[in-house]
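**Q** First to last, the sequence lines map onto chains L and F. In terms of our numbering, the first sequence has 81 at position 81, counting the first letter as 1, and numbering is strictly consecutive. In terms of our numbering, the second sequence has 241 at position 241, counting the first letter as 1, and numbering is strictly consecutive.
Simulated from the structure, these hints should not be mistaken for lab results. Don't take every hint at face value.
What the hints assert, rightly or not - Derived CB-CB ranges, DEER-like:
no., chain 1, residue 1, chain 2, residue 2, range
1, L, 167, F, 88, 42 to 50 Å
2, L, 151, F, 150, 17 to 25 Å
3, F, 23, L, 33, 50 to 58 Å
4, F, 242, L, 154, 15 to 23 Å
5, F, 90, L, 151, 24 to 32 Å
6, L, 88, F, 16, 45 to 53 Å
7, F, 31, L, 194, 34 to 42 Å
8, F, 21, L, 147, 17 to 25 Å
9, F, 147, L, 140, 49 to 57 Å
10, F, 177, L, 290, 52 to 60 Å
11, F, 90, L, 154, 17 to 25 Å
12, L, 154, F, 28, 21 to 29 Å
Everything numeric in this text was worked out from a predicted model, so none of it was measured. Ideal placement from N, C-alpha and C gives every residue a C-beta, glycine not left out.
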Amino acid sequence: MSGDPAVREGRDETGTARTGQAARRPPPAPAGPAAIEVSHLTKVFGERTAVSDVSFSVAGGEVFGFLGPNGAGKTTTVRTLGTLIAPSSGSAIVAGIPLSPKNGPAIRSRISMMPESPGLYLRLTVLENLQCFAGLYKLDDVRGRIDRTLGAVNLEDRARDQCGSLSKGLRQRVALARALLNDPAVLFLDEPTSGLDPVATREVHELIASLRERGVTIFLTTHRLEEAERLCHRVAILNTTLRVIGRPDELRKQLFRRSVDVRLRALLDDPKAVFGAVPEIIEGWEQTPSGYTLTVSDPDLAAPALARALVGAHADILSIAESHHSLEDVYLELIDEDVEAKSR
Amino acid sequence: MSFSWTRVGAILHKELRDYRRNRFVIGTMAAMPVLFIILPMIQLFVANATGNTAHLNTRIGLSLLYMLVIPVTMPSVLSAYSVVGEREQGTLEPVLTTPIRREEFLIAKALAAFVPTLVIAYAVFGIFLAAAALFAHPVIASAIYAGTHVLVQLLFTPLLAGWAIWVGIAVSARSADVRAAQQLSMLGSLPPLIIVALMSLNVITVSTALAIGLAAALLAFDLLAWRVVAAMFDRERLVTGRRG
Numbered sequence: 001m002s003g004d005p006a007v008r009e010g011r012d013e014t015g016t017a018r019t020g021q022a023a024r025r026p027p028p029a030p031a032g033p034a035a036i037e038v039s040h041l042t043k044v045f046g047e048r049t050a051v052s053d054v055s056f057s058v059a060g061g062e063v064f065g066f067l068g069p070n071g072a073g074k075t076t077t078v079r080t081l082g083t084l085i086a087p088s089s090g091s092a093i094v095a096g097i098p099l100s101p102k103n104g105p106a107i108r109s110r111i112s113m114m115p116e117s118p119g120l121y122l123r124l125t126v127l128e129n130l131q132c133f134a135g136l137y138k139l140d141d142v143r144g145r146i147d148r149t150l151g152a153v154n155l156e157d158r159a160r161d162q163c164g165s166l167s168k169g170l171r172q173r174v175a176l177a178r179a180l181l182n183d184p185a186v187l188f189l190d191e192p193t194s195g196l197d198p199v200a201t202r203e204v205h206e207l208i209a210s211l212r213e214r215g216v217t218i219f220l221t222t223h224r225l226e227e228a229e230r231l232c233h234r235v236a237i238l239n240t241t242l243r244v245i246g247r248p249d250e251l252r253k254q255l256f257r258r259s260v261d262v263r264l265r266a267l268l269d270d271p272k273a274v275f276g277a278v279p280e281i282i283e284g285w286e287q288t289p290s291g292y293t294l295t296v297s298d299p300d301l302a303a304p305a306l307a308r309a310l311v312g313a314h315a316d317i318l319s320i321a322e323s324h325h326s327l328e329d330v331y332l333e334l335i336d337e338d339v340e341a342k343s344r
Numbered sequence: 001m002s003f004s005w006t007r008v009g010a011i012l013h014k015e016l017r018d019y020r021r022n023r024f025v026i027g028t029m030a031a032m033p034v035l036f037i038i039l040p041m042i043q044l045f046v047a048n049a050t051g052n053t054a055h056l057n058t059r060i061g062l063s064l065l066y067m068l069v070i071p072v073t074m075p076s077v078l079s080a081y082s083v084v085g086e087r088e089q090g091t092l093e094p095v096l097t098t099p100i101r102r103e104e105f106l107i108a109k110a111l112a113a114f115v116p117t118l119v120i121a122y123a124v125f126g127i128f129l130a131a132a133a134l135f136a137h138p139v140i141a142s143a144i145y146a147g148t149h150v151l152v153q154l155l156f157t158p159l160l161a162g163w164a165i166w167v168g169i170a171v172s173a174r175s176a177d178v179r180a181a182q183q184l185s186m187l188g189s190l191p192p193l194i195i196v197a198l199m200s201l202n203v204i205t206v207s208t209a210l211a212i213g214l215a216a217a218l219l220a221f222d223l224l225a226w227r228v229v230a231a232m233f234d235r236e237r238l239v240t241g242r243r244g
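Isolated chain L, as found in the complex (with noise of 0.2 Å):
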């Protein structure tokens, strides 16, 4: 893995699904062979570094989420993997195949990648299309393969429409067919959601997990963070350099302390004492506009007791729940430092 002691590397262990989120999270992230494996990765344009000493690998079938801000490095890394740049330094092995201008065409013959913009030919029908690139891949079997990628992504009756007739939605779901043409063992997928509507996002998102299911390796860079907390099996989170990698909740646990939020109906009048009277469970407190925010060392025992506490203190007790830190807190606390690292 990474060689960065500024990475923070996730655990592998699978940890307990939560109510509420858990029915949404991805299962546990397969421990198969590696798809991807990136060493040192470093490309530089002129005087920019776009992407520095980048290290990580991807398991087979693993959905892998690749996130950071507009010119973060994503998809300049997507786009060396996919040997259509070459890195300035550092190694790489894809789909079994380690990363050499001589490799390329067999590389790329075994992935497939979905750029941002779909880049249908609008002239041609959604059949042409995928025929075309059929062709490209040499594919056998073209019309059967066609029929079962439109099949996967719920296209049968739209083959014969001029892609230019189709909405941005369905135009996307063509380019998820074409990138599924030759089934491969590695599919980048950048962007994938961008400028779509809700709905059309909510179709790709049944896409991609439907894939998932089918345990395809998917490299997926977004900004989008609740769909990569809801699709993938591991995220990083890139800002030229790796910052973090590992499982959503794992960064949540890594980044904040576990916490409880307790909303009181008036505030305590000693709650110095009350927090107090549990001190080997509450770390610390702090006042917010509601009651109070807890840190603790466990929340399933923080919270009985704490109820003790405010009941014994006659409180008035609305509520108390376990704060939530999303992977947007995550990423924006990793950001964050960035931006005042460049600031000092």
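With the hints as your guide, set chain F onto chain L.
**A** The following block gives chain F in isolation, referenced to the frame of chain L:
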């Protein structure tokens, strides 16, 4: 992975389908033959068959030169669009992410401009020859069929088209704007036409050997242009706009 005609065919087929549904391309392909058959015909029928032989030859040369404008201008416009146009449409990157090799991509793009050009240019020339045989004064008809006129036309039509195509693709691969690419491409495709013009207008007296020699030289330039264009074709530059 070796060179694949299947991949060349996939791009070529797509390009030809795309042309058929593009009104601009269809309009250009339809208007050009009409324009370049009318002007030579006028030259043919207003020429004085009983007058000065040199003057008659110049008239005939001018007629044939008009028709050689087709293999210069038509592929120039098509090939100038071939790379930068796809980049503007966002269709280039998906193609470059497939196993296609640059040689396959370039040959496919070149053939997509070459095939319709050759079909139209030879068709126009065929109509011209037929019209000359059927309707022109016998002296004019025999002057057209005699000498090196037909040979020059047959040899230089594909060679001029080849040069225009490689210049067009080279410009297209380096341009950021379709219109600029088409203008530059047109300019770059003209130099060989000057030699042909000098032959057509009898400034250079053309023997069969000289015509074949000049055609061989243009063929060599075409092959050199293909090598240069292949070397210039850089995926990274095409995708990022920066040199790899």
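**Q** Each hint: holds or not?
**A** These are the hints, each one checked on the structure:
no.: 1; hint: 167(L) / 88(F): 42 to 50 Å; result: 22 Å, violated
no.: 2; hint: 151(L) / 150(F): 17 to 25 Å; result: 57 Å, violated
no.: 3; hint: 23(F) / 33(L): 50 to 58 Å; result: 52 Å, holds
no.: 4; hint: 242(F) / 154(L): 15 to 23 Å; result: 39 Å, violated
no.: 5; hint: 90(F) / 151(L): 24 to 32 Å; result: 26 Å, holds
no.: 6; hint: 88(L) / 16(F): 45 to 53 Å; result: 40 Å, violated
no.: 7; hint: 31(F) / 194(L): 34 to 42 Å; result: 40 Å, holds
no.: 8; hint: 21(F) / 147(L): 17 to 25 Å; result: 24 Å, holds
no.: 9; hint: 147(F) / 140(L): 49 to 57 Å; result: 54 Å, holds
no.: 10; hint: 177(F) / 290(L): 52 to 60 Å; result: 58 Å, holds
no.: 11; hint: 90(F) / 154(L): 17 to 25 Å; result: 24 Å, holds
no.: 12; hint: 154(L) / 28(F): 21 to 29 Å; result: 39 Å, violated
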